[in-house]
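Engineer: Since chain R is already given, all that's left is putting chains L and G on it; use the hints.
Chains as they are written, first to last, in our numbering: chain R, 1 to 265; chain L, 266 to 530; chain G, 531 to 795.
Possibly wrong hints are sitting among the right ones.
Using 25 Å as the maximum straight-line C-alpha spacing, the simulated SDA-like pairs for lysine to any residue come out as follows [claimed, not checked]:
id	chain 1	residue 1	chain 2	residue 2
1	L	484	R	163
2	G	724	G	746
3	G	749	L	391
4	L	437	L	521
5	R	219	G	749
6	L	459	R	127
7	L	484	L	526
8	L	484	R	46
9	G	749	L	309
10	R	194	R	144
11	L	484	R	45
12	L	437	L	473
13	G	724	L	389
14	G	724	L	387
15	G	749	L	363
16	R	219	G	657
17	L	437	L	478
18	G	749	L	345
19	L	484	R	125
20	L	484	L	519
These aren't lab readings, by the way, just hints derived from the structure by calculation.
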Amino acid sequence: MSLPPLITLLTDFGADSPYVAAMKGVIYSLNPAARLVDLTHSVPPQDVRAGAWTWEEITPFFSRGSIHVGVVDPGVGTSRRLICAVLDGSIFLAPDNGLLSRLARRTAPTTIVALTEPEYWLPQVSRTFHGRDVLAPVAARLSLGLDVGLLGPPVERLVEISWPEVLVMPGKIQGAVRSIDSFGNLVTDIPAAKLADVPTDPERIRVRCDEHETQGLFKTYAEQPPMTLLALIGSSGYLELAIVEENASMMLGIRTGTPVTVEWT
Amino acid sequence: MSLPPLITLLTDFGADSPYVAAMKGVIYSLNPAARLVDLTHSVPPQDVRAGAWTWEEITPFFSRGSIHVGVVDPGVGTSRRLICAVLDGSIFLAPDNGLLSRLARRTAPTTIVALTEPEYWLPQVSRTFHGRDVLAPVAARLSLGLDVGLLGPPVERLVEISWPEVLVMPGKIQGAVRSIDSFGNLVTDIPAAKLADVPTDPERIRVRCDEHETQGLFKTYAEQPPMTLLALIGSSGYLELAIVEENASMMLGIRTGTPVTVEWT
Amino acid sequence: MSLPPLITLLTDFGADSPYVAAMKGVIYSLNPAARLVDLTHSVPPQDVRAGAWTWEEITPFFSRGSIHVGVVDPGVGTSRRLICAVLDGSIFLAPDNGLLSRLARRTAPTTIVALTEPEYWLPQVSRTFHGRDVLAPVAARLSLGLDVGLLGPPVERLVEISWPEVLVMPGKIQGAVRSIDSFGNLVTDIPAAKLADVPTDPERIRVRCDEHETQGLFKTYAEQPPMTLLALIGSSGYLELAIVEENASMMLGIRTGTPVTVEWT
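Next comes chain R alone, as it looks inside the complex (with noise of 0.2 Å):
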C-alpha cells in the first residue's frame, strides 16, 4: 500500500484552534487515510510575512511531494485569488497574497493555478473561511492523486510583497529581526551566506540591535555566560541575537523589524 503525501497546515489561527480540526475533519471526510501534521497555527494574525518567513524555514524540511496548505488570509471573501503552486516538487496551496514569496524568491514555482473550479470544493462555501471550504478539500483531492491542472486556469505570476533588503557595505551588513522564536531569541533576516568571510572574534565584530550590542560571532549559546547578550548563526542558517539561558525579546523590548546591524574590522 503506497502511502498518500503528508499535507502540513500552517495558519494564523491561534495553537489548539478548532478551526483547525474542522479543517483537518474536511480533509478525512474526503481522503480517510489522509496524513496530516500541523506546521504551526501561531503565525501572528494576517500577518503574512511571518508566515512567508516560516515556510520558508520549515518546508524544506518534508519530503518533495508534500501539500502545504497556508491559511494567512486577511483578504478572505475579497476577489484575492486563491493559487496552487509547484515549487521544488511540493505543492502549495495559499491566498495569491505573498504568503508562497519568500520561497518563490528562491525557487520559481514551475506551476501556478487559480482556484476556480467550485467542483473540488466544499458544496457550500462560506464567505469568511475558505481555509476549510476550498484549500483543505482540494488538499484532500490533490492527496488522492487529482490534477493540479485541473483545479484552475493557469497564473502568470504570483502577487509580491516587498521584502526590506538586507544591506551589503564594506565592512558592515544591515538587516532586521525577522522574528521571534518561543526562546525570545531575535531571528535577523541576514543569511550565514552574508556572513561567510567575517571575522568571529570578539575583538573585530559588533552586531547592534536597538540601543544594545555585543561582539563575537559565536557557534553556540553555551559559549558565554547565563545572561550574556550574544550573536550566532542560528539553526535556521539566520544571523540569530540570544540572551543565553533567557528570552531577549522580552528582555530587550525588541520586536520584529528593528534593524540590526553587524559591523567588523
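Structural biologist: Chains L and G alone, transformed into the frame defined by chain R:
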C-alpha cells in the same frame, strides 16, 4: 486494509497538555492502529457550555462513524455518569453533564448507554482522571469494533442544562455572545437561519453589543476598513461581531454572555 | 503490514512551535510511515527537571517498544553527550543532562550508548538544534529497525542531577511542589505510596504549603465546595493540592519548589 474510525479529542486540559498525551498513550496501547485528531484542548477550564458549542460547531465536519471523546468534567469522581451516545451515526463519549446537549438539541441520540462495565476500562481507575482511565480505553475498544451496547445499560435521557434562548420579536432579535474565537471575534448564539429574512442594508439594520453598535450585515471582514466594528454571518453559521484586522474582544472588553441585539426596519 | 513503533516528542520549544514541525519533517522524510505523538512542548525553557517529571509521568502510558525523544537541551553544541537508552523495553533519545533521571531512578536502563556515529544524522548538523539534526533522524532510523548498538559506543552511566529528597519522619512527611498542571493544581513530589498508611480524616491530618493549610486527604475535587483548598492523591500518583474549580497556583501565588508538609496524629 480498512482504516479504523477517527477518534477526536476535546478537553479543557489546556493546549499541549501532557494529560492529553497520557490519553493518547492509553488509546494507542490498546489499538496501535488508532487514528487520533485533536479538536481542541483549550475549552476554558470546566466550562461545559463552551465545550458543547465547540462540539456542535466542529464535529459535523467529521465523517459519520467517528468517535468523539469529550473531557470537560468538573464532577469527576462523583456520582455523575459517564455515557456513550450514538448521534447521527457517530459515537460520543463524555460525562453526562450537558457537554452533548447542543448537539442533542439538533438530533436526538439513537442510543445512550451508561459506562458501567469496568472490563473495558484501565485495570486501575483514578478518582480524578476518568478521561484517561475510562473514556480513552473505551474509545480505543470502540475503534476496534466493540459494540456500544456492551459498555453498560441503556439510559433514557441525557442530563439537560439550561441554555439562554434567543428571543425573536417583530423587527428585533436578542441573543448573546457565546464564544470568542482566536481572532477575538465575538461569536453569538443567533443562527443565520433567524436572520435569513432581515435586511442587510446599513440604513435598515443595527446590531448592538453592550454599549457598542454597528450598522448593516456584511458578508466578509474586508468589506469594511480596518478598525471598523462590523456584523456578519460567521463561518460557523452564527451572527458574529468583528473589528476588521483587530481583536474585538480585547478592544471592547467584551466576554461571553454579553447580550447582543439586532434591530431592523 | 506491521506498524512502526510510535515516536513521541517532548521539548521545551513551546506549544505549536514550528521547530517541532521541522523535527517531524526530518522524521517523515526518512520514514514516511512514521507515527508521531506530541507528549508536550510546553516544558518550561531549559527546565530539565520539569521535563524529567513529565517523562516519568506520561511515558508509562505508552507501549513498550515506543521511541521517546526528549529535547530540553541548554548545553546544545557543547561537549554534553547525546544518548540513546533502552529502559523497560522502550527507547529514549535525549541529551545526557538528567532528562532521563527520574525514569532511571525507577528502572535501570539495560543499554546506554552515546550518539557518535554521524552516518545516522542529517548530513549537515547545526550547532544549535541537535533535536532536529541528530535526534530526529536517529529516531526515524530506529523506527525503521536500526539497531541501537550501531549508534555509538556504550556508556556506563547517565549523568545524574540532584533531586530534593522527600523526608519521612514519624507523623510527618516533607516534600515540595514539583509542577503546576494546566488547571493550576499543585503537584508535589510526595508519592501516594508514602501516604498509604496515614489517616485521611480531616481531624487527624493537615497539609501545609507555604502559609496555606488544609485538613484531610480527599479522593476527588468535588468532595469539597468551590473555592476550597484541598489535598488529594492526583491522577499521577502523587499528593496534589487544588482549589476546587479554581487555579490554586495563581490564587495562592505558589510556584514549583515551594515546600509541602503533611502532618498527622
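Engineer: Taking the hints in turn, state whether each one holds.
Structural biologist: Comparing the hints with the structure gives:
{"no.": "1", "hint": "L:484 to R:163", "result": "violated, 31 Å"}
{"no.": "2", "hint": "G:724 to G:746", "result": "holds, 16 Å"}
{"no.": "3", "hint": "G:749 to L:391", "result": "holds, 9 Å"}
{"no.": "4", "hint": "L:437 to L:521", "result": "holds, 21 Å"}
{"no.": "5", "hint": "R:219 to G:749", "result": "violated, 52 Å"}
{"no.": "6", "hint": "L:459 to R:127", "result": "holds, 18 Å"}
{"no.": "7", "hint": "L:484 to L:526", "result": "holds, 19 Å"}
{"no.": "8", "hint": "L:484 to R:46", "result": "holds, 18 Å"}
{"no.": "9", "hint": "G:749 to L:309", "result": "holds, 24 Å"}
{"no.": "10", "hint": "R:194 to R:144", "result": "violated, 42 Å"}
{"no.": "11", "hint": "L:484 to R:45", "result": "holds, 20 Å"}
{"no.": "12", "hint": "L:437 to L:473", "result": "holds, 11 Å"}
{"no.": "13", "hint": "G:724 to L:389", "result": "holds, 19 Å"}
{"no.": "14", "hint": "G:724 to L:387", "result": "holds, 23 Å"}
{"no.": "15", "hint": "G:749 to L:363", "result": "holds, 24 Å"}
{"no.": "16", "hint": "R:219 to G:657", "result": "holds, 6 Å"}
{"no.": "17", "hint": "L:437 to L:478", "result": "holds, 14 Å"}
{"no.": "18", "hint": "G:749 to L:345", "result": "holds, 15 Å"}
{"no.": "19", "hint": "L:484 to R:125", "result": "holds, 12 Å"}
{"no.": "20", "hint": "L:484 to L:519", "result": "holds, 22 Å"}
Hints 1, 5 and 10, counting from the list given before, are not met by this structure.
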